[in-house]
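Undergrad: Residue numbers (our numbering), protein chains in the order written: chain X, 1 to 248; chain U, 1 to 248.
You may find that some hints are simply not true.
Identical chains share a label here; the pair holds if one copy fits it or two copies do between them.
Keeping only pairs whose Cα atoms sit at most 30 Å apart, straight-line, the calculated DSS-like set for lysine-lysine is [to be verified]:
1) K92 / K171
2) K92 / K224
3) K92 / K228
4) K26 / K171
5) K151 / K56
6) K92 / K56
7) K58 / K151
FYI, nobody ran anything at the bench for these hints, they're computed from the structure.
Number of protein chains: 2
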Amino acid sequence: MNETIQLLFHHRSIRGFSTENISQEKIDLLIQSAQHAPTNNFLQQYSIIDVTDEMKKKTLAKIGNQTYIAESNRLFVITADLHRNAEIAQEKGKSTEVLGSFDYCLRSFSDAFISAQNMVIAAESMGLGTVYLGSILNDAQAVIDLLHLPKYTFPVVGIAIGYPDQSPELKPRLPQIEIYHENEYHSSERMVHDLENYDQTVSQYYDLRNKNRRIDTFTDQIAKAMEKHPEKRMSMLNVLKSQGFMQY
Amino acid sequence: MNETIQLLFHHRSIRGFSTENISQEKIDLLIQSAQHAPTNNFLQQYSIIDVTDEMKKKTLAKIGNQTYIAESNRLFVITADLHRNAEIAQEKGKSTEVLGSFDYCLRSFSDAFISAQNMVIAAESMGLGTVYLGSILNDAQAVIDLLHLPKYTFPVVGIAIGYPDQSPELKPRLPQIEIYHENEYHSSERMVHDLENYDQTVSQYYDLRNKNRRIDTFTDQIAKAMEKHPEKRMSMLNVLKSQGFMQY
Numbered sequence: 001m002n003e004t005i006q007l008l009f010h011h012r013s014i015r016g017f018s019t020e021n022i023s024q025e026k027i028d029l030l031i032q033s034a035q036h037a038p039t040n041n042f043l044q045q046y047s048i049i050d051v052t053d054e055m056k057k058k059t060l061a062k063i064g065n066q067t068y069i070a071e072s073n074r075l076f077v078i079t080a081d082l083h084r085n086a087e088i089a090q091e092k093g094k095s096t097e098v099l100g101s102f103d104y105c106l107r108s109f110s111d112a113f114i115s116a117q118n119m120v121i122a123a124e125s126m127g128l129g130t131v132y133l134g135s136i137l138n139d140a141q142a143v144i145d146l147l148h149l150p151k152y153t154f155p156v157v158g159i160a161i162g163y164p165d166q167s168p169e170l171k172p173r174l175p176q177i178e179i180y181h182e183n184e185y186h187s188s189e190r191m192v193h194d195l196e197n198y199d200q201t202v203s204q205y206y207d208l209r210n211k212n213r214r215i216d217t218f219t220d221q222i223a224k225a226m227e228k229h230p231e232k233r234m235s236m237l238n239v240l241k242s243q244g245f246m247q248y
Numbered sequence: 001m002n003e004t005i006q007l008l009f010h011h012r013s014i015r016g017f018s019t020e021n022i023s024q025e026k027i028d029l030l031i032q033s034a035q036h037a038p039t040n041n042f043l044q045q046y047s048i049i050d051v052t053d054e055m056k057k058k059t060l061a062k063i064g065n066q067t068y069i070a071e072s073n074r075l076f077v078i079t080a081d082l083h084r085n086a087e088i089a090q091e092k093g094k095s096t097e098v099l100g101s102f103d104y105c106l107r108s109f110s111d112a113f114i115s116a117q118n119m120v121i122a123a124e125s126m127g128l129g130t131v132y133l134g135s136i137l138n139d140a141q142a143v144i145d146l147l148h149l150p151k152y153t154f155p156v157v158g159i160a161i162g163y164p165d166q167s168p169e170l171k172p173r174l175p176q177i178e179i180y181h182e183n184e185y186h187s188s189e190r191m192v193h194d195l196e197n198y199d200q201t202v203s204q205y206y207d208l209r210n211k212n213r214r215i216d217t218f219t220d221q222i223a224k225a226m227e228k229h230p231e232k233r234m235s236m237l238n239v240l241k242s243q244g245f246m247q248y
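Pulled out of the complex, with its shape left as it was, chain X reads as follows (with noise of 0.2 Å):
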């Protein structure tokens, strides 16, 4: 198994990290392993906001709901980002009608999605933590009013970086067959029952890793997930579409 693999395999999300600062050399690197990702069509439509400001952090931290948002080092938020292409067709008197369409949200969501990916590995083969932030959506709108976000701009996701002050177990993923599908779609009858062996491993994970944490099992978790979430995160979609997203 090569180097890349390994460190793929060895993937943890880190939320405790040290105070040590991380060199402009870094990320450097890790702006430019983004920007080396595939994109859609070489269309290149997303961006990368640098969160540097502490105030904002904290901003940040507080809508998403976790303190250790604002104890990173760096905090970077991924944005799909049709707006860059929008003013350079407007300049060259073109419609951009299309941007409103599913497809071009897709294709936007998408490439930063990918970029963000290529940051998150280049981050960890220099041995720093990282963890994806999908709690800012707790509130897109304040973030895009953070952010200054204009309109054919949206903040899919924040990636927390810094150096690791923790290091948790490998979490237990799901047993290949639940996910992978030959030629069709397979769907298995008896998959809660298949999972009760998954079910335990996961128990058994939380229990190793916080002893006082009431320990769910996964198909628990799933159950969990369920419940509605903040009124703001279910009705995200309009804060979408008043950003010029998603018309049809």
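Position chain U against the provided structure of chain X, taking the given hints into account.
TA: Relative to the frame of chain X, chain U by itself:
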């Protein structure tokens, strides 16, 4: 620069493949690499369809309008997958209403893209060539039918993988200043003017790649991208909704 970052910096999409087979051991490493990617709240809301049936590959090549899709040694379709967790939740007597939100759509699409990029990086680390196939979304409903994708799943992207039979030049990326922002999004009124040098660099790249192809600048490509795509692609949101996503 470490081995992994060197690999990220050398990414090129490969659209010509040799007939050499990829070993099962390597395929397993690809799937496992995808599985080790971080997922939203550990919900693992994606699936991988390994398309080995030659007729299905040909159908996907026809949908994507690119012959190299059928010529690749292996072809994967990565799907957003809320179906698995919906089954688990229903078994546990829970309402699955939240799965119809844009929030859950985004969570599952994000899981799919991030896992896909892990597969791409793992493949490249083993000397394989890859290309993302956004083009399968020229007819999302046909892909859904072909792969028997149930409610709450959606084919977000294809990946063709094989041993490379070509060695294209690295494609020059936008100047860092265009995609990088500190603390807030900056728009430049002079962007199109500022991109003149980059336009020349991109033209030179295409000129080197293929003397017979019309040479486009980057900004020309953007202008062209604003033209209408196939009707089925422009109305993809209907397909997404009929799969159960994005009800609110």
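Undergrad: Any hints this thing doesn't respect? Which numbers, in order?
TA: When the structure is compared with the hints, only number 6 turns out to be violated.
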